[in-house]
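Peer 1: So the chains spell out like this:
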Amino acid sequence: DVKVTQSSRYLVKRTGEKVFLECVQDMDHENMFWYRQDPGLGLRLIYFSYDVKMKEKGDIPEGYSVSREKKERFSLILESASTNQTSMYLCASRQALPGEQYFGPGTRLTVT
Amino acid sequence: DQQVKQNSPSLSVQEGRISILNCDYTNSMFDYFLWYKKYPAEGPTFLISISSIKDKNEDGRFTVFLNKSAKHLSLHIVPSQPGDSAVYFCAASATDYKLSFGAGTTVTVRA
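Residue numbers (the numbering used here), protein chains in the order written: chain B, 1 to 112; chain R, 1 to 111.
Some clues are possibly wrong.
Unchecked claim - Looking from chain B toward chain R, a few residues come up when the C-beta cut is under 7 Å (computed):
hint, residue
1, Asn31
2, Gly42
3, Leu45
4, Phe48
5, Tyr50
6, Leu90
7, Ala96
8, Glu100
9, Pro105
Stated by the list, open to error - DMTMM-like, lysine to aspartate or glutamate: derived pairs with alpha carbons at most 25 Å apart:
hint, chain 1, residue 1, chain 2, residue 2
10, R, Lys5, B, Asp59
11, B, Lys53, R, Asp96
12, R, Lys98, B, Asp28
Quick caveat, the hints were computed from the structure, so don't treat them as lab data.
We treat Cβ as the ideally placed atom computed from N, Cα and C, and that holds for glycine.
Between the sequences and the hints, there should be enough to build the whole structure, so can you do that?
Peer 2: Given below as structure tokens:
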């Protein structure tokens, strides 16, 4: 079974803090993704990586950056957290096109 | 601008009956479609997919239908079970790496 793990299930941070969300997959997948899920908006793609050290902006990259130094690990960074970044953050991985993406359990981030 | 739309935010169905979830898309370049199911406090899990070269795909109680001319797909769940109560997301991709998701439909199966 594919396993995608995320470093925290719940996180509370203050406005202006730098926040790191970590994601690890154990199936040697090429592609990795970060989404946020908000009510009424579904899942929106923040960034994705199709290979190590490669990254591409998704639909809502503003205020975020990513890092992928190793194949199994994809980090999402909030440079200066703001209250509008309070959300559920979901990481996913995929072996190759067109296959399905496998999701982690999510991190519920609250920025106060 | 959402390219994948699920216009029904919720659906209530009696146990044993059919659940029909609908999804519309606007991007004619989409060629692969998926349905995901999500329970609260968990990540989405893959349910079923369909390629644009097909118009139907079946997996147990789940069937997905694709109508390319109408840019419409649907998910049928027969028979519906209490464990099917969840949020269902429709997703679509073109020949790139990205998935576009709909806003989701919350299904409640009544005993």
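Peer 1: Does each hint fit the structure? Answer for all of them.
Peer 2: Tested hints:
The interface hint given for Asn31(B) holds, since its Cβ lies 6 Å from the closest Cβ of chain R, which is under the 7 Å cut-off. At about 4 Å, the closest approach between the beta carbon of Gly42(B) and any beta carbon in chain R falls short of 7 Å, and the interface hint on this residue holds. At its closest, the beta carbon of Leu45(B) sits 6 Å from a beta carbon of chain R; the interface hint therefore holds under the 7 Å criterion. For Phe48(B), the interface hint holds, since its Cβ comes within 7 Å of a Cβ in chain R; the closest pair sits about 6 Å apart.
At a threshold of 7 Å, the smallest CB-CB gap from Tyr50(B) to chain R is about 5 Å, leaving the interface hint in force. Annotation: interface hint on Leu90(B) holds; nearest CB of chain R at approximately 6 Å, less than 7 Å. For Ala96(B), the suggested interface contact is broken, since its CB lies about 10 Å from the closest CB of chain R, more than 7 Å. Given hint, Glu100(B) at the interface with chain R, holds; its Cβ is 4 Å from that chain's nearest Cβ, closer than 7 Å.
For the restraint placing Pro105(B) at the interface with chain R, the shortest Cβ-Cβ distance is roughly 5 Å, inside the 7 Å limit, so the hint holds. For the given pair, Lys5(R) sits about 16 Å from Asp59(B) by alpha-carbon distance, which is consistent with the 25 Å threshold. A hinted pair counts as satisfied when its Cα atoms are at most 25 Å apart, and Lys53(B) with Asp96(R) qualifies at roughly 18 Å. Between Lys98(R) and Asp28(B), the direct Cα distance comes to roughly 19 Å. Compliance with the 25 Å bound is thereby established for this hinted pair.
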